[in-house]
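Each chain, letter by letter, is given below.
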Amino acid sequence: MKKAYQKAWFLVLPVLLLVAFNALIPMMTVVNYSVQETFGNNLFFWEGLGWFEKLLNSDRFHAALGRQFMFTGLILVIEVPLGIAIALAMPRQGIWVPFFLVTMALPMLIPWNVVGAMWNIFTLPDIGLLGYFMNHTLGIDYDMTQNPFAAWVTIITMDVWHWTSLVVLLSYAGLVSIPDAYYQAAKIDGATRWAVFRYIQLPKMKQVLTIAILLRFMDSFNIYTEIFVLTGGGPGNSTTLLSIDLVKIALGQFDLGPAAAMSLIYFAITLLISWLFYTLMTKDDLK
Amino acid sequence: MARITLSQLRHSYLPRPTGPDDYVLKDIDLDWHNGGAYALLGPSGCGKSTLLNIISGLLAPSEGRIFFDGRDVTELPPEQRNIAQVFQFPVIYDTMSVYNNLAFPLRNRGVDEAVIKDRVTKIAEMLDVTEMLQKPAAGLSPDNKQKISMGRGLVRDDVNVVMFDEPLTVIDPHLKWTLRSKLKELHQKVRATMIYVTHDQTEALTFADQVVVMEDGQIVQIGTPVELFERPTHTFVGHFIGSPGMNILPCTVQNGQALFDGHPVVLEGPIVAGPADQSGGLTQIGIRPEFITFGETGVPATVRKVADIGRHSVVDTLVGEFIIKVILEGAAPAQGSAVHLRFDPSKTRLYRDGWIATKELEAAE
Numbered sequence: 000m001k002k003a004y005q006k007a008w009f010l011v012l013p014v015l016l017l018v019a020f021n022a023l024i025p026m027m028t029v030v031n032y033s034v035q036e037t038f039g040n041n042l043f044f045w046e047g048l049g050w051f052e053k054l055l056n057s058d059r060f061h062a063a064l065g066r067q068f069m070f071t072g073l074i075l076v077i078e079v080p081l082g083i084a085i086a087l088a089m090p091r092q093g094i095w096v097p098f099f100l101v102t103m104a105l106p107m108l109i110p111w112n113v114v115g116a117m118w119n120i121f122t123l124p125d126i127g128l129l130g131y132f133m134n135h136t137l138g139i140d141y142d143m144t145q146n147p148f149a150a151w152v153t154i155i156t157m158d159v160w161h162w163t164s165l166v167v168l169l170s171y172a173g174l175v176s177i178p179d180a181y182y183q184a185a186k187i188d189g190a191t192r193w194a195v196f197r198y199i200q201l202p203k204m205k206q207v208l209t210i211a212i213l214l215r216f217m218d219s220f221n222i223y224t225e226i227f228v229l230t231g232g233g234p235g236n237s238t239t240l241l242s243i244d245l246v247k248i249a250l251g252q253f254d255l256g257p258a259a260a261m262s263l264i265y266f267a268i269t270l271l272i273s274w275l276f277y278t279l280m281t282k283d284d285l286k
Numbered sequence: 000m001a002r003i004t005l006s007q008l009r010h011s012y013l014p015r016p017t018g019p020d021d022y023v024l025k026d027i028d029l030d031w032h033n034g035g036a037y038a039l040l041g042p043s044g045c046g047k048s049t050l051l052n053i054i055s056g057l058l059a060p061s062e063g064r065i066f067f068d069g070r071d072v073t074e075l076p077p078e079q080r081n082i083a084q085v086f087q088f089p090v091i092y093d094t095m096s097v098y099n100n101l102a103f104p105l106r107n108r109g110v111d112e113a114v115i116k117d118r119v120t121k122i123a124e125m126l127d128v129t130e131m132l133q134k135p136a137a138g139l140s141p142d143n144k145q146k147i148s149m150g151r152g153l154v155r156d157d158v159n160v161v162m163f164d165e166p167l168t169v170i171d172p173h174l175k176w177t178l179r180s181k182l183k184e185l186h187q188k189v190r191a192t193m194i195y196v197t198h199d200q201t202e203a204l205t206f207a208d209q210v211v212v213m214e215d216g217q218i219v220q221i222g223t224p225v226e227l228f229e230r231p232t233h234t235f236v237g238h239f240i241g242s243p244g245m246n247i248l249p250c251t252v253q254n255g256q257a258l259f260d261g262h263p264v265v266l267e268g269p270i271v272a273g274p275a276d277q278s279g280g281l282t283q284i285g286i287r288p289e290f291i292t293f294g295e296t297g298v299p300a301t302v303r304k305v306a307d308i309g310r311h312s313v314v315d316t317l318v319g320e321f322i323i324k325v326i327l328e329g330a331a332p333a334q335g336s337a338v339h340l341r342f343d344p345s346k347t348r349l350y351r352d353g354w355i356a357t358k359e360l361e362a363a364e
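These protein sequence lines map, in sequence, to chains A and B. Once you know that position 228 of the first sequence is 227 in numbering that gives the first Met the number 0, the rest is easy, because the numbers rise by one and skip nothing. Once you know that position 142 of the second sequence is 141 in numbering that gives the first Met the number 0, the rest is easy, because the numbers rise by one and skip nothing.
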């Protein structure tokens, strides 16, 4: 084998430094906090793995984690099939294509806190367009500031509105890459609409869908801004997802140790699930 | 298996075609017999793929009818026409095994699993893919993938026609030959009507019993490979088929005698009168390089270039400003030497506006 040109490693150095400064070093400070206790004044006491143990046994953490899984699970179950359905319904050629693509991309261009604020105003019972309509026109009791169920319906709807487009656009990219001959061959082979979807469209979308699901999982599992602006985690703790709880502990109560331990566990869960999912989805391709 | 009749077929991709130029197919009339091997030959963009898609039902013709065994199928969708088509790029259901790929068209039609097994085994044997049956289809090489797409067409024993749309485009050159003979062999075994679309004359001539040559949306000649070679009825056929193609030389006609560059040329037979005889139209002489010899007398020419291509040489000669190609077995004259060209009269024809305008002597008798 030819000897590699070793000096090329220096070319990777800038990236390494960048990653070190924006990820590794901050992360190490978190690791540092997670094993210590502090009462302020920059005085730290060794705590070992105590915070981790307490956190993993705490009901509050279990509840937030449960809510987090419920949120992520629900939005995935809605956004993925809905996104595929919309992508299938979109025209693949013609003058309307740019129109649909831009319309689809619009929600994703809106800053997260603006999305939260928009949906807050939109759903307020007495002044919001939707809130007023539901309560005063339809007579349905809908108040996301008071009713946990209404709050959940609102955060799920908001996320579906904001992010289904991502699944749509990625699925659409997979769909347009399928040559016409496949559809023609399927027609001649007498395939049903379902068979065309199952054996032609879905396999061709698999790779982009894997990416779409992975991105949606990570983003929704780490969601903070929109829900913080919309419900602030309420009513009560009903929409307090992991990130919101984390901020409450870290900045509300200023418990740096427990917050750091929680950050690390949170990070580990996200990483583990993403890795598992990606490995499982791509294991066939490697063969 | 069926006889296929196309009647006054015209097609335009424009919603409101105005002139003949708007049509990609101009008045196609064809009759293909049951069980024949046919080729549709023409350059890219001549409308042959459009014609194929009209026969398979993927495209509805603007005008005209299509009949399978006398039954009008013009309005039928592809799945009801009972046809098979093999595309330029192999179409494979990636997630299925080879066996399931081959079984797919039968399963869609609700055929019994035992029958499917029997048919798939038989077809796999014919295609030499038996040992791959359980493998995932996605990992196959392009030529095997193309075999599987052919197999999906042949697996139904009731197909009316199997159509091939330039099926060897993505196949490695050294495998093309194998696959082509495989196709020929398959045709002999299954005796289905087969239509093979290509722009490659070798593919068309080796596969088909009858070749339909198309140019610019029209059929210019239908005939056996020998007929196309020996007596092209249009200059396009002469020029498109053969390597090198037919020499096409401008000429004038005086008193029923063709003159090329001032030299009288003897033709295969009498010249057919043109429509508006006095203007005469554009007249040309067509003679294949294979039918020109060097002699003591004849049209004087100089040798411009000699290309030895193995079995024979292609000699470019210059008569006035015109290049005439001659195919020569054996020793070729040196470059720059003066020669005389002799045209074989029985293979020399006059073309008027592209179409043949001489009568064969036998035909005149």
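For the record, the hints were derived by calculation from the structure and aren't laboratory data. Don't take each hint at face value.
Lysine-lysine pairs mimicking DSSO-like chemistry, simulated, CA-CA at most 27 Å apart [to be verified]:
hint: 1; chain 1: A; residue 1: LYS186; chain 2: A; residue 2: LYS205
hint: 2; chain 1: B; residue 1: LYS346; chain 2: B; residue 2: LYS358
hint: 3; chain 1: B; residue 1: LYS304; chain 2: A; residue 2: LYS282
hint: 4; chain 1: B; residue 1: LYS181; chain 2: A; residue 2: LYS186
hint: 5; chain 1: B; residue 1: LYS346; chain 2: B; residue 2: LYS324
hint: 6; chain 1: B; residue 1: LYS175; chain 2: B; residue 2: LYS121
hint: 7; chain 1: B; residue 1: LYS181; chain 2: A; residue 2: LYS205
hint: 8; chain 1: B; residue 1: LYS358; chain 2: B; residue 2: LYS324
hint: 9; chain 1: B; residue 1: LYS116; chain 2: B; residue 2: LYS25
hint: 10; chain 1: A; residue 1: LYS203; chain 2: A; residue 2: LYS186
hint: 11; chain 1: B; residue 1: LYS358; chain 2: B; residue 2: LYS304
hint: 12; chain 1: B; residue 1: LYS346; chain 2: A; residue 2: LYS203
hint: 13; chain 1: B; residue 1: LYS358; chain 2: A; residue 2: LYS186
hint: 14; chain 1: B; residue 1: LYS134; chain 2: A; residue 2: LYS186
hint: 15; chain 1: B; residue 1: LYS346; chain 2: A; residue 2: LYS186
hint: 16; chain 1: A; residue 1: LYS247; chain 2: A; residue 2: LYS186
Run the distance test for B:LYS346 versus B:LYS324: straight-line Cα separation, threshold 27 Å.
Judged against 27 Å, a Cα distance of about 15 Å means the pair holds.
Check whether the Cα positions of B:LYS175 and B:LYS121 lie no farther apart than 27 Å.
Holds, at roughly 23 Å.
Going straight from one Cα to the other, do B:LYS346 and A:LYS203 come out at no more than 27 Å?
56 Å, violated
Do the alpha carbons of B:LYS116 and B:LYS25 lie within 27 Å of each other, as the hint requires?
Violated - the C-alpha atoms of B:LYS25 and B:LYS116 are around 44 Å apart, more than 27 Å.
Hey, B:LYS346 versus A:LYS186, does the alpha-carbon distance stay inside 27 Å?
48 Å, violated
When you check the alpha-carbon spacing of B:LYS134 and A:LYS186, does it fall within 27 Å?
With a Cα-Cα distance of about 24 Å, the restraint between B:LYS134 and A:LYS186 holds, given a limit of 27 Å.
Against the 27 Å threshold, does the CA-CA distance of B:LYS346 and B:LYS358 hold or violate the hint?
11 Å, holds
Check whether the Cα positions of B:LYS181 and A:LYS205 lie no farther apart than 27 Å.
35 Å, violated
Hinted pair, alpha-carbon criterion (27 Å max): A:LYS247, A:LYS186. Please report holds or violated.
58 Å, violated
Does A:LYS186 pair with A:LYS205 here, judged by a C-alpha cut-off of 27 Å?
22 Å, holds
Hey, B:LYS181 versus A:LYS186, does the alpha-carbon distance stay inside 27 Å?
This hinted pair holds, its Cα atoms lying about 26 Å apart.
Taking 27 Å as the top limit, are the C-alpha atoms of A:LYS203 and A:LYS186 close enough?
17 Å, holds
Violated hints for the displayed structure, listed by number in ascending order: 3, 7, 9, 11, 12, 13, 15, 16.
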